[in-house]
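Can you build the whole structure from these sequences, using the hints too?
Each residue of the sequence shown is one higher than the one before, counting from 696 in the working numbering.
In case anyone wonders, no lab produced these hints; they're calculated from the structure.
Treat each hint with caution, since some may be false.
[To be verified] Below are the DSS-like pairs computed for lysine-lysine, each with C-alpha atoms no more than 25 Å apart in a straight line:
hint : residue 1 : residue 2
1    : K808      : K701
2    : K831      : K699
3    : K860      : K751
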Amino acid sequence: MNEKLKIGCFICNWAFSEQQVSTISQENPVPYEAKIARVRCLGRVDPAAVLEALEKGIDGILLIGCTPPDCHFVEGSAYAEHMLKLLKKLLSMAGLEPERLDLRLYSPQAESKLEEILNDFAMQLQKCGPSRLAEKMDENLLLTVSAAKNVAAAFRARLLGGREKMLTEGVNVYGERISPEEYERLLNEVLDAELIRYKIYLVARKRPISVREVAASFNTDPAIVLRHVVNLRRRGMLALDHVEGQTPLYRALEV
Numbered sequence: 696m697n698e699k700l701k702i703g704c705f706i707c708n709w710a711f712s713e714q715q716v717s718t719i720s721q722e723n724p725v726p727y728e729a730k731i732a733r734v735r736c737l738g739r740v741d742p743a744a745v746l747e748a749l750e751k752g753i754d755g756i757l758l759i760g761c762t763p764p765d766c767h768f769v770e771g772s773a774y775a776e777h778m779l780k781l782l783k784k785l786l787s788m789a790g791l792e793p794e795r796l797d798l799r800l801y802s803p804q805a806e807s808k809l810e811e812i813l814n815d816f817a818m819q820l821q822k823c824g825p826s827r828l829a830e831k832m833d834e835n836l837l838l839t840v841s842a843a844k845n846v847a848a849a850f851r852a853r854l855l856g857g858r859e860k861m862l863t864e865g866v867n868v869y870g871e872r873i874s875p876e877e878y879e880r881l882l883n884e885v886l887d888a889e890l891i892r893y894k895i896y897l898v899a900r901k902r903p904i905s906v907r908e909v910a911a912s913f914n915t916d917p918a919i920v921l922r923h924v925v926n927l928r929r930r931g932m933l934a935l936d937h938v939e940g941q942t943p944l945y946r947a948l949e950v
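What follows is the structure, given as structure tokens:
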């Protein structure tokens, strides 16, 4: 590999000290170039920011935090695990290798070496190779990953993704519990629908579009596209732009 892999790394302040982070030497002959961002807790990392980094062509993102018993904010690491699961699903649906994203949890008391952790992740990334988004050549992949970023930023996906434990282990007022299998089915259904909707929205931001045009471009049934267009109009994200013959064309609204 001629060029070094580009790795983005979010590190919890409590998992590794600033001194431990500063000991990483970029002068060593390692197969990666790491950009490190220190955060107060992995639970505070914006999932949309993770996908935005991948959208811009970075080869992989590594999240490093504390093991759940050692999390300074109690639920931060658990939230990060749920976030990772949601983001990996979105990456897989978008057509980008989910292995480009990983989470490693360590006890602050353990003598873990940050450089070894990064080396291990770099070896994982080498199997994926350089990101196909680095040169912005695959427009469809770029559109889909951009849509995935918007899904991750949306309230509905965050709400569902962050309440897995409550929904699968708790009961509602009728004493009913959602099984893990039913939760997975529901999550996949929501993410798949939202991904298509945001792809439609992003295309409509560039120019007015028709249902048939989108259906042909996405290789999807026009009836399915129409349902998504209706949903987007109800949410105030699309509006009728004009009619050509008998074909309505829609444009995106700023939200």
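Hints versus structure:
no.: 1; hint: K808 x K701; in the structure: 20 Å, holds
no.: 2; hint: K831 x K699; in the structure: 18 Å, holds
no.: 3; hint: K860 x K751; in the structure: 32 Å, violated
Of the hints listed earlier, the one the structure fails to meet is number 3.
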